[in-house]
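Chemist: Sequence:
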Amino acid sequence: MLTQLNDQKGFSLTELMIVVAIIGILATIAIPNFLRYQAKAKQTEAKSNLVAIHTAEIAYFAENNGYVDDFNAIGFAMSGSSQRYFYKIGNANLGTLPPGCTDPNLDSVSALGFTAVAIGNIDGDATCDVWTINEGKILTNVTNDVSS
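Letter by letter, the sequence shown follows residues 3 to 150 of our numbering.
Hints may be right or wrong, so weigh each one.
[Claimed, not checked] BS3-like, lysine-lysine: derived pairs with alpha carbons at most 30 Å apart:
1. 42 <-> 139
2. 44 <-> 139
3. 139 <-> 49
[To be verified] The following label-pair restraints were derived from C-beta to C-beta distances:
4. 34 <-> 67: 44 to 52 Å
5. 21 <-> 83: 34 to 42 Å
6. 145 <-> 114: 24 to 32 Å
7. 61 <-> 105: 39 to 47 Å
8. 93 <-> 57: 19 to 27 Å
9. 19 <-> 100: 19 to 27 Å
10. 74 <-> 142: 38 to 46 Å
By construction, these hints were calculated from the structure, which means they are not laboratory data.
None of the values given here were measured: they were computed from a predicted structure.
For each residue, glycine too, the CB sits at the ideal point set by N, CA and C.
Use the sequences and the hints to build the structure in full.
Modeler: What follows is the structure, given as C-alpha cells:
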C-alpha cells in the first residue's frame with residue numbers, strides 16, 4: 003500500500019537565508035542614511051539657538067543702541083537637558099566646550115556688530131561642528147561635522 007507524504011509547512015533554509023540577505027542589504031543602505039539625517043537634525047539645535055541669540059541681540063540693540071557680549075543681559079538661556087553645542091559671543095561663554103574642540107578667538111562685541119558662534123561634536127569624531135551668525139543674520143556653517 004502506498005503511504006502519502008505529510009504536507010510539510012514552514013520555510014526552507016534557503017528561503018530563510020535569502021530573507022536574511024535582503025535584510026542585510028537594506029540595513030547597509032538605511033543605517034548610514036539614518037545616521038546622517040540624525041546628525042543633521044542635531045545641527046538644528048545650533049541653528050535655532052544662534053537665530054534666537056541674534057533676535058535677542060537685535061532687541062537689546064533697539065533698547066540700548068549697541069550690542070553686548072552677555073547672555074544674561076540679552077535674556078538668552080539654553081533650554082532642554084541635552085545641549086550638544088557650546089555658545090560664545092565675544093568673551094561670554096555658555097555651555098561646555100566639547101573635548102577636542104578649540105575655543106574660538108572672537109572679536110569683541112562692538113556697538114556696530116557682533117558674531118556669535120556655536121561649537122559642537124555631534125558624531126564623536128575628531129571634527130567639530132562650527133556655526134556662526136552675525137548682526138546681519140548671516141548664518142554660516144564654518145566646519146561641517148556631518149559631511150567630514
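Chemist: Next, verify each hint and record whether it holds.
Modeler: So, going through the hints one by one against the coordinates:
Annotation: proposed proximity of residue 42 to residue 139 holds, straight-line Cα distance about 20 Å (limit 30 Å). For the proposed pair residue 44 and residue 139, the alpha carbon gap of about 20 Å is at most 30 Å, so the pair holds. A distance of roughly 11 Å separates the Cα atoms of residue 139 and residue 49; the hinted pair therefore holds under the 30 Å criterion. For residue 34 and residue 67, the Cβ-Cβ distance of about 50 Å falls inside the hinted range of 44 to 52 Å, so the restraint holds.
Against the hinted window of 34 to 42 Å, the Cβ-Cβ separation of residue 21 and residue 83 comes to about 41 Å, which satisfies the hint. As the Cβ distance of residue 145 to residue 114 is approximately 26 Å, the hint placing it in 24 to 32 Å holds. Evaluation of the 39 to 47 Å hint for residue 61 and residue 105 yields a failure: the beta carbon distance comes to about 27 Å. The supplied range of 19 to 27 Å is met by residue 93 and residue 57, whose beta-carbon atoms lie about 21 Å from each other.
With their beta carbons about 44 Å apart, residue 19 and residue 100 fall outside the hinted range of 19 to 27 Å. Taking the beta carbon of each, residue 74 and residue 142 are about 26 Å apart, not inside 38 to 46 Å as hinted.
Against the hints set out earlier in the document, violations occur for numbers 7, 9 and 10.
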